[in-house]
Every structure is written in structure tokens, then in C-alpha cells.
Amino acid sequence: MSGTATRLLNRWRAAAPRADALTATQARWLGALLAAAMLPQAIHLPIGIAVLGLALIALRLAVTWRPRVRAFAFVIQLPSWALAVFALAVALAIRQWYGYFLGREPSVAFLFVLCGIKFMEARVRRDGTLIVCLATFLLITPFLATQSMFAAIAAMPAILILGGALDVLERSSVSQRRDWRAPLTQTLTLLAQGLPIALLLFVMFPRLAGPLWGLPADRSARTGLSDTMTPGMFTELTLSDEVAFRVDFDGLPPPPAQRYWRGPVLSRFDGRVWSAALPQLGSVQASAGGRSIGYTVTLEASGQPWLFALDFPASLPRVDSESGISTPPATFLGITRDQQLIARAPITQALRYSMVSNLRSTYPAASASDARANLRLPAGNARSIEFARDLRSRTPDDSQFINAVLRFYREEPFVYTLAAPLLEREPIDQFLFETRRGFCEHYASSFVVLLRAAGIPARVVTGYQGGEINPNGGYMIVRQSDAHAWAEALIGGVWRRFDPTAAVAPSRVERGLAGALPAGEAVPLLARFDGGWIKKLDLAWDALNHQWQRHVVDFNHERQRALWHEWKLDLFSPWQVVGALVFVAGAWGGIVLLWLIIRRRRQERALVLWDDVCRRLSRAGLPRQPHEGPVAFVERAAARWPQFGIALKAIGEAYAMLRYGNLAPDSRERAALVTTLKHAIDALPSPARLRHANP
Amino acid sequence: MSARALAPWGRTWTAHLRQRAFRTAPADRDPVVLRHSRIYILPTRRGFMLIVTLGIMLIASLNYSLSLGLGVTFVVSGLVAAALLHTFRNLAGIKVRPLAAGDTFAGERIAFSVELMGGAAARSEIMLHARDTRVVSDVRAGAALTLTLLAPTDRRGRIPLGRLTLSSDFPLGLWRGWAYVHFPLEGIAYPKPEPSPPLLPQGTGGADAFAAGRGGDADLAGIREYQIGDPPQRVAWKAVARGAGWFSKAFDGTASGGPVILDYAALPRELSHEAKLSRLTAWVLVAERTARPFELRLPGIALPLGQGREHRRLALSTLALLPADA
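Note that the protein sequences, when read in sequence, are chains R and W. Number 662 in the numbering used here belongs to position 662 of the first sequence; there are no gaps in the numbering. Number 233 in the numbering used here belongs to position 233 of the second sequence; there are no gaps in the numbering.
If you are wondering where the hints come from, they were derived from the structure by calculation, not from laboratory data. For glycine and all other residues, C-beta sits at the position ideal for the given N, C-alpha and C. Honestly, I wouldn't trust all of these hints.
As the list claims (entries may be wrong) - The calculated label-pair distances, taken between Cβ atoms and stated as ranges, are: (1) S107/R x H36/W: 42 to 50 Å; (2) A688/R x K95/W: 48 to 56 Å; (3) A182/R x G306/W: 58 to 66 Å; (4) L17/W x L571/R: 40 to 48 Å; (5) F22/W x R126/R: 23 to 31 Å; (6) A111/W x R66/R: 20 to 28 Å; (7) W65/R x T24/W: 29 to 37 Å; (8) A182/R x A241/W: 56 to 64 Å; (9) L17/W x W65/R: 51 to 59 Å.
Claimed, not checked - In silico SDA-like cross-links for lysine to any residue, where the CA-CA straight-line distance does not exceed 25 Å: (10) K95/W x K649/R; (11) K95/W x G107/W; (12) K95/W x G590/R; (13) K678/R x I646/R; (14) K678/R x G142/W; (15) K649/R x N694/R; (16) K95/W x G251/R; (17) K95/W x C614/R; (18) K95/W x A656/R; (19) K678/R x V631/R; (20) K95/W x R171/R; (21) K535/R x N472/R; (22) K95/W x N472/R; (23) K95/W x K535/R; (24) K678/R x A141/W; (25) K678/R x R140/W; (26) K118/R x M149/R; (27) K649/R x V52/W; (28) K118/R x K95/W; (29) K95/W x M657/R; (30) K95/W x Y660/R; (31) K95/W x N694/R; (32) K95/W x I646/R; (33) K118/R x A141/W; (34) K649/R x G142/W; (35) K536/R x G251/R; (36) K95/W x F86/R; (37) K118/R x R140/W; (38) K95/W x V52/W; (39) K118/R x T44/W; (40) K118/R x G142/W.
Okay, chain R solo, but in the shape it has when bound (with noise of 0.2 Å):
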């Protein structure tokens, strides 16, 4: 280092020393904080953010744990407009990353690094009060990304530590005691006086019915249906083990051949992509006929504004119905006309509802304006298009017709597969005449070609078809893996369901993907049959998951309302609920006051018994001179009743002992003396009987 630089550093060396400067264990502890603040965060951030916020925190705990390396040195030293450089760097290279920077993410990863800067230039104390509020912040930005059980575990060391380096910080220096325990233990005290508090909280504390600001659209892609259908969509979702929601029954579980969740209704036709015409509000069609079964679906955040049902619906999806209020879930828009539930607003958190469904094939269409907007075809695809046409001639009827087209389906050699050929130009014709080799979208598609080409109203319907029981908790799992694609044809006024993938595949209807599929292909292993005990295990875990989501997570604005509801608490008014709750903290507050003293009587007991001694040696004639000491007294006494001279002995040493000697308040020590002095105590006679008793 040039002479320059050493004068620099040695002049800003010499400004930094303070009065209220952080100690080597304060930083230490300051760093533990972060360490176990950032670590659940790290795995949710780009791996060079991630390594780069720990190294920083590394760096300045080496420094601190060995002060003599040199070569570190420096890091500590830097002054802070460098730091703030180095900040500026960051926060551009994050929008280069992201590719914005006003966003959850970026700012999320943007504050992780930040944590690691600011605790390199922390030299006082107060630098160490930011750093906790940072610290502390971050504790909940993990949960953005995901709400599981680990993710909440994963925050418990933090809160722990937290409590400890508050716990460190405050100690001047008069009294830096004690080793890293206490401070952890003292703060598990703290937590556990606080929890009813914190329970209460939780519970009674009002939840909102939406955002209070905007929530920008996560830019981070989900896995799940969309609103359009391009050929290979399916194929990828059907390799994702995730769950996209579960259903518990209030019966039995209807049949596989039934278990078809309606999701987006896709209408329009551009020669390759499906997507869906714009949603027009209607109301149930399918109110009678069929099994009727009510079930509760406890949707996963899917980033899409739908919710599914079971073919058809037969009732709105209604919130916590066992609770005596149901009401629509706050982000429910309505039903359309095609019977798809749609919500105000993208799904981004977990969305618990009741459903009642009718378990039929066919409900009856709103209004004759649905035919034409589903004859509609693109140019193209002729050879498909002249296919269908001089099908319709050969065959009486409409009904005749599908027929024909699924044994058409069935009989010529078509593959089901997820390996599917890549379809260049007119689809439609390479599919059903070349290639042969596809998956439920192409099945679904070239069908509904047919139908329309044939003057038949029709159109894809996307979904899921399939769901598992799971055995831990009777709940049926339906994974993105299920995802499935069918066609709708209107026939008579009556909308009906057909599925041509299983005119291809029936396994696939009945046992799911994994018994469709060749063997050989890529199933996720969640989705086979013979998972073996990782499947048991996967199966096991969800059902706590489910409990955890249920009770936990999901405990929502109108979760509360409805608990409140079951308490009987929404006949109150506000205020008189806000009186109650003082109340109550004023409780809890007296209880753990009360606490607090009685150990602190625990304490007093020697010196209660002592004086009990004293009043009874009083009362026998003896009594203690002001200036007497414990040992003294006792002597004197043993003196006059040497009968009683070894309990009278023990009473003045175990007292002494217990006063003066320098025991730890809560030490088994302690506690054993206590038990000495009551002993000897009851070995005495009444003052009655020693004010006669003889030497």
C-alpha cells in the first residue's frame, strides 16, 4: 500500500474509535443475526445475490474472530462512500438481472445485500439498531416466495438470536457477563411470556378483505394452465409433481371416469393456439339432475384469475359454509356462461372454498348466441376440414356423427404420448393424418376441428381430469401432472362432454397419466403408481401440509370472520371487542407479573424463615442484639440449649450461607439450603417448650 493510502486509513482509524463503539461480541452476535435471517431468504434469490450478501457477513465475522489476520483488515476499514458505491453497483447489476427494479423481487434482493453492507460498516451501536430492524424485516420476506412449515421452522433460530443480540447490545460495558447461553435463554423466557400474546394477536387481529396497494404482478412464470392452448403446453405441465389444489368431500369421492375440473373454456381458433373468448357473466345451469356432491377445494396460488369445480356446477362457491355465514370468497367475480368460476383478480394466495357440483355430462346451454361463436373455423387445414364434411354426408345425425369420429379415433393406429411429433404448418391435417402421435391437446383440438367443420358448435375445455386419494387424511391431491384437455359439443340445446383422448387412451380417464402412458416415458415420480416409499412418504407429508395450509396459512379475512362467527364474537360491537381485548392484554400483563414476583418470593424464603427463627428465639428469651451477625446469634443460642446446638448450627450457617455466600439466584445450591433451614427449623421445639427446656 502506497504511503498515501496507510496515512489515509491510519487518520480514519483514529476517528473511528468511540465511547459507544460495538465489541467484538456484539458484532458477533449481530452476524449470527443475519446469518440466520438471510439463509432462509438465500435459497429464494439468484445465487450470485445470495453468496454475495453471506460472503459479506463471512468477511466482517472473520475480521471480528481474528482480529490479528491483517489481510482482512482492510474490509472493515472501508470508509462509507465507498460502501454506498458499492451499494449503487449492486442495486444496477439486480436491474440488470431482474430487469426492473421496483418490484418485489429485485427490492427483496436488493435489502438482502444490503443487510450484508451495512454490517460491514458497523462500528457503533447504533449501526447495530438498523441492523437488528433490518435483521428483523427479513424475517418475513421469505414467506413471499413460500409458506410451508420449513419456511416457518426456518425463521425460529432468527427470532431466537434476535432476542439475544437485542440482549448483548444493551450491555454497557460495565457488565458484559456471562457466555452466549444466557442471553438465548433468556430470551426463550421472553417468548414464551409473550406467545399468549402473540396467539391473541394472530387471532383477533383484522384481517383484510383485499390488498391495501396494488400488488405488482409476480414476472417469476408459475407452472399451471393458462388461458390459451398451444400444442406441448400439457407436455410440460404433466412433468410438474406440484399441487394444484385439494379437495376434501363432505361424501364419498366421485369415480375417476367423473373427476373432470373445469377450468378455462376455450373458444377461439387461430389454426394453432386456442385461447378464451372473453368471459360474459351468466348463472348455474346444471342446477338438477345427476349425483349432486359437495366438496371444499383448497386452491394453491396459481396466478391466474379461476377457480376450478367439478363438472357441472351446481351452487357459487361459498366460503367456511359449516360456519352458519356463506358467502362468496371476496376475490369470486361469478360464473360465465360456459360454467367457468372466474375471480376479480389473479389467485396469489391459497384460496379455501365450498362447492356443490352435479355429476353429469351435459347442462343445458344459457342461449343460441353460443353456436355461433363456436362454429367458428380459421382458413386452413383443409384436408381435415373436407375430411369432416364427407364424414357429416355419410351419417343420419349429429350424434351419429361424433360417434364416427371417435371410433375414428380409436381405430386408426393413434398414439398417446407425451413425445409428440412438432407439428410445423396446418396442424390439424399433420396430426390427424400424419403423425398419429399425440397428447390430450391434440386430441382435443383436431376433434373440435371436426365438430365445427361439420356445422357442430364446439369447443376445448381445459382443466383437470383425475385427483388422488390420499390415505393420510381421506383428501383427494390433484397435481399440475393431471392437467387435461376435452371438448364440449352442443347437440339439441344441450352442451355435452366428450373426451377423444379417451377414445385413444381409456386408461388415461381411468388410472390417470401414469397408466396411459408407454412405458418408458417420463412420468413424474409422484405421479406413478409405484412411487414405492417416497411416494408413502410424499403422500404423508402433504397430509400435514394440507392440516398446516388449512390452519395456518390460510387463516384468512374470511377464515377470521367465520371463527369470530363460531365465538359468537360479531354480536359484540367493535368496542366492546376492543375493551375485551385490553382486558385481557391487562390479564395477561397481572399474570406474568404475578409470575415474575412469585419466583422472586422463592427467593425471599430464607429470609422469611430466618426471621421466623428469630421471632420464636425471641419468644423463648433470646433475643437477637441489632448487631448481631447470623453465626453469632446462633452460637449464643446453642449456648443457652445445647440439647438443640447442631440445628441451631445448621439454621446460622445454612442462613449465612444463603445470604452472604454468592450463589446464583436459581441455583440447585440454593434451593438444597432452603430445604436444610426448614429442616433444621422443624427440629426445634415450640418457644413455649424451649423457654423451659433445661440445659
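On the provided structure of chain R, position chain W as indicated by the hints.
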């Protein structure tokens, strides 16, 4: 009722309230036990920042519907709430007794000792604060702890301890609990002695009482070992320069050191009132050190001829308490 009749009542009422809240008057009697009515608690800077952080976390969790975020926010809130109770408990029940107030010379520090008894519970990080001076200590369970505050003085006269603040931000530094105690405890600051005063006035009065510097050495009786406090002009500098050690010149008290009269009125007129008191103070010290009886004559008050520690204390106190505008 007329407004005039109400006014005094109103004044006493506010005064009573002020006294109860801020203990502005030294009206506390020994001993004071800190109870809830005396203890105040507010967040510290750190506590305030943490509470603000928790507020931001609360709003963020509500907005993004993060149940776990709310859970963590409330668990930490519980920690903060429990810390509040511990802060209260750490102060509540402490018994405070005023022990003693010291004496000193103006400009030096004066000692006030206060005894703290924590009862059966250990008390941590109790800070005692009065007169811009603070001292921090733990109080062990069952022990009585004597704390001494060394407060700076800037003038002579009675120095009250003033309002004593006991405070603590134990256990987490999030809350600061404090209590005011105001004992009528007073120390005394004597006038600051003149650094190098002229020699003592000679004889028992007369015009030549202030023949300073004349014949001083004639009364030299010998030298003795230097004692701390000996004025520099009595140091045997020749012996020091020879390297023989530190010695002071001793004067024969009986030979020339008869009783002296320290008379305020006889001091040069150009000296200010305080300067005169400073010189008299210095002389009292010299007279006491050289074991010469002295008589002190001050405006409006006079001390008869006397000698010894008690006489010295009396003289210094009289000088300290002399009104400023005499």
C-alpha cells in the same frame, strides 16, 4: 365562588400534580420504595425503531396476506411486550435511601452516596443519574449497594443532590423505565482556596498584620518531609534540586505563629467579595496546617479564636454560606 378563591386552589392542585409526576421539590422521605405510581416506561430509540419495523412488517403481511408473516410479527411483538414487563419488574420494589453528602471546595467534585436495596430479586443495569453525573451498576439479590455520585461543583454554598433519576433499559434495551426520587440531601462546597495566597497576617492585629513576605524565613524552625497539600512556597526547593527528596519548610508555631486574626475587613479593597473569601479560605487551610489558632471575622459574623478540625470545618462552612452580596 370568586375566581380569587379558586386561584390558590388551582395553583396547589397543579403544583401537587407536578410534584407527583416530576418530583420537582425535595420532598421524599427516607427510604423510598419504587412503586408503579413512580415508574415511567417509554420505548428507547432502539425500541421505537423496532416497533416501527414491526408496523411495516404488519402492513406488508396484511397486504400480501402472509399468515406466517403476521405470525412472526406477532411473536416478536410478544417478545417486545414481555420485555416491557421485565423492565418494569427490574425497577419496581427497589428501596432507595440517601446516605450522605460530602463536602468539597468549589470546582471540585462532591460525593453523594445513595443506598439501593433490590430486595430478594437481582436488579440489572440500574443507572443512577443526578447533577449531570451517572453511575451504572447491578444490584445483587438481597444485597444493599452503596453508590457514590461524584458531581462537579461550580460555586460555593450548599449543593443539593437534586432530583435523582433511577433508570434501566434492561433486559433488551427496547424500553427505558425510570423513576424520580428527590431527597432533601445537601452537601457543602467551600470557597475555592486562592492558589498561592500571601503569607498569613502576622501577630494579633495591628497595622502590620499583612506584612506578607517579610521575615517569614526568620521563623523557620527546620524542614520536615513534604506532605501532600503543602503549598509550593513552603517546599524546600533547594533540597529538591539537590535530589535529596521532597521537604517542606516548617515554621515554629510557638515562636512566631501566635494566634492570627483573619479579618475580611482588613483585606485589600481591590479584591472582589469572592476573591476575599477565597483568600480567607486559603488562610484557614494554612493556619490549620501550621497549627495556628485563628479568629475569623466576617461581615455580620465572627468566629472566636479556635483550633482543630471542628474549628476549621466551622470556619469553612461559614465562608461557604456567607451571602454573596455582603
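Any hints from earlier that this structure breaks? Give me their numbers in increasing order, please. 2, 6, 7, 10, 11, 16, 22, 23, 26, 27, 28, 31, 32, 33, 36, 37, 38 and 40
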